[in-house]
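Take the sequences, apply the hints, and build the full model.
There are 2 protein chains.
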Amino acid sequence: MLKNYLKEKREIIDESVKNYLDDLKYPKVIADGMKYAVLNGGKRLRPILLLMTLKLLGEREEKGIPAAVAIEMIHSYSLVHDDLPALDDDDYRRGKLTTHKKYGEAQGILIGDALLTHAFNVLTSKDQEIDAQKIVDIVRLTSQYAGVNGMIGGQMVDIESEGKSIDLPVLQYIHTHKTGKMISLPVEVACIIAGIEGEKKEKLIEYSELIGLAFQIKDDILDIEGDFEKIGKPVGSDTELEKSTYPSIFGMEKTKEMLAEKIEAAKNIIRSEFESDKGRLFIELADYIQEREK
Amino acid sequence: MLKNYLKEKREIIDESVKNYLDDLKYPKVIADGMKYAVLNGGKRLRPILLLMTLKLLGEREEKGIPAAVAIEMIHSYSLVHDDLPALDDDDYRRGKLTTHKKYGEAQGILIGDALLTHAFNVLTSKDQEIDAQKIVDIVRLTSQYAGVNGMIGGQMVDIESEGKSIDLPVLQYIHTHKTGKMISLPVEVACIIAGIEGEKKEKLIEYSELIGLAFQIKDDILDIEGDFEKIGKPVGSDTELEKSTYPSIFGMEKTKEMLAEKIEAAKNIIRSEFESDKGRLFIELADYIQEREK
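Taken in sequence, the protein lines are chains X and Z. Those letters in the first sequence? Residues 1 to 294, per full-length UniProt numbering, in order. Those letters in the second sequence? Residues 1 to 294, per full-length UniProt numbering, in order.
Treat the hints as calculated values from the structure; they're not laboratory data. There's no promise every hint is true.
Any copy, or any two copies together, can satisfy a pair, since identical chains are not distinguished.
Claimed, not checked - DSBU-like mimics (lysine-lysine), calculated; alpha carbons at most 30 Å apart, straight line:
{"hint": "1", "residue 1": "Lys35", "residue 2": "Lys164"}
{"hint": "2", "residue 1": "Lys201", "residue 2": "Lys134"}
{"hint": "3", "residue 1": "Lys25", "residue 2": "Lys164"}
{"hint": "4", "residue 1": "Lys7", "residue 2": "Lys102"}
{"hint": "5", "residue 1": "Lys25", "residue 2": "Lys203"}
{"hint": "6", "residue 1": "Lys126", "residue 2": "Lys102"}
Rendered as structure tokens:
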């Protein structure tokens, strides 16, 4: 069930991203580079999570398309900048040249800047089905979770921690901020769109935090046990950059136990809060995050 | 009159920028770097233009403070990224080390990203005196003028043109986009806040485009005739980067004539559209742009 759902929604997201980038023509290198960076065969986990949450809350998913596209653009810009020589210095992502390797370093910086900026244009695009106050709330939350107190903060501490031995609170800060905030964001945005407050919202955020953490732990595992053909980038880059990860702190066996615990806790939240047919996709998504090979 | 006005408003802007950055503490290098990059003794031309336009339109300037601060943050991030080794590779700005020279290159990239992102948080900050629809319109316009179809587009074509002989349309594209859009932006934002449409708005935009172009022409002149002590960066960097400029295309004498023409045209718009006491600051600002030594 989940597999077909993911495929169908991935196509909707890709089509929507294309629509929002199609008009951009000049300067050609920026317009092309923005499309190259976003339309890269990504999993679309974040935008799909937004659509899934809307569906769960009984809201039409069309209302969430601009935010879903914007969140994917912000995720993509962050990868473009992370791959730069001054940061992780990666040449490949998902089996293709990274954006700066393809277009040049100055171009990579500006393509990332342009994607981030354009995300806010998409969030505030005209003729949306949601009212202005909700759009303002979504922009505020997005800029908070993507910024210094969110994703960028996590990225900075991650870089500062390279080559150092760090303790669990710092590793947790990195994971909850670098990856976690942008996985909670689509769930919270869906709650804003659906007008949901209170316990139901809190539980959904808790679920998103657990699968966000699980997603990052799984990334750490794949960086050691993954297959280049599947993950599309060299295995062992964390070790090479001397990054602290769950496996480097806890060992592989304990890491896998922790992953399983997070997944189980996430599923229990859904089981206790929603009827089984309504929550099924969320249960299956948690399993998918644990079992994914890329 | 203008001198005191600029001084007074500069202090208000600096104070407001501080208020919006004060809460940011962690990661320290990003929080410190954001403050370093914005609180740098800049002229604050863009935010002051927003406050001046509100005043001209009979609107309270408090309503424009979040947008004024956000525009200055976006301007500052663009300078941080422009100064990076992969772009203009500048070590000094306004007599101080550039942000990446002070904090490191990865840090410079992320500090710029954080400022750009935070600008949208400031634009949508809570308890504003303007309604949500206007905030949405301001976010949309800001992301348009700062993005691929605005400032970033101009910056990209500027870089692509280094070492090449370019013609006037390309130089005009660079100037109207790299500098011009972000000088028109505060004027248009003030019109949105004041609810002004039609000819008055068109004339104000025309004025902003003329002084924006004049500002850039003057920058080109100062890069040749300026004083390091005053402009705070090495003279002759355009020549070194083989950038096409007004003086390199038209010669210095003709360039100064063109500057004077733009200034005169800008002043004429104000004279024909507003009573002399109301428009006086706009006339004086045009003169200031022509005569400034930094």
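Item checked: Copy assignment of Lys126 with Lys102, given that the CA separation must stay at most 30 Å -> neither (33 Å within a copy, 41 Å between copies)
Next item on the list: Could you place Lys25 and Lys203 in one of the four classes (within, between, both, neither) given a Cα distance threshold of 30 Å?
Entry: between (43 Å within a copy, 29 Å between copies)
Notebook entry, point to check: How would you classify Lys201 and Lys134 at a CA-CA limit of 30 Å: within, between, both, or neither?
Noted result: both (16 Å within a copy, 28 Å between copies)
Check: Can you tell me if Lys7 and Lys102 fall within 30 Å by alpha carbon in one copy, between copies, both or neither?
Finding: within (28 Å within a copy, 46 Å between copies)
Notebook entry, point to check: Is it within, between, both or neither when you check Lys35 against Lys164 at 30 Å Cα-Cα?
Noted result: So Lys35 and Lys164 pass the 30 Å test across copies only (27 Å; inside, 36 Å).
Next item on the list: Could you place Lys25 and Lys164 in one of the four classes (within, between, both, neither) given a Cα distance threshold of 30 Å?
Entry: between (44 Å within a copy, 22 Å between copies)
In the structure shown, a violation is registered for the earlier hint numbered 6 alone.
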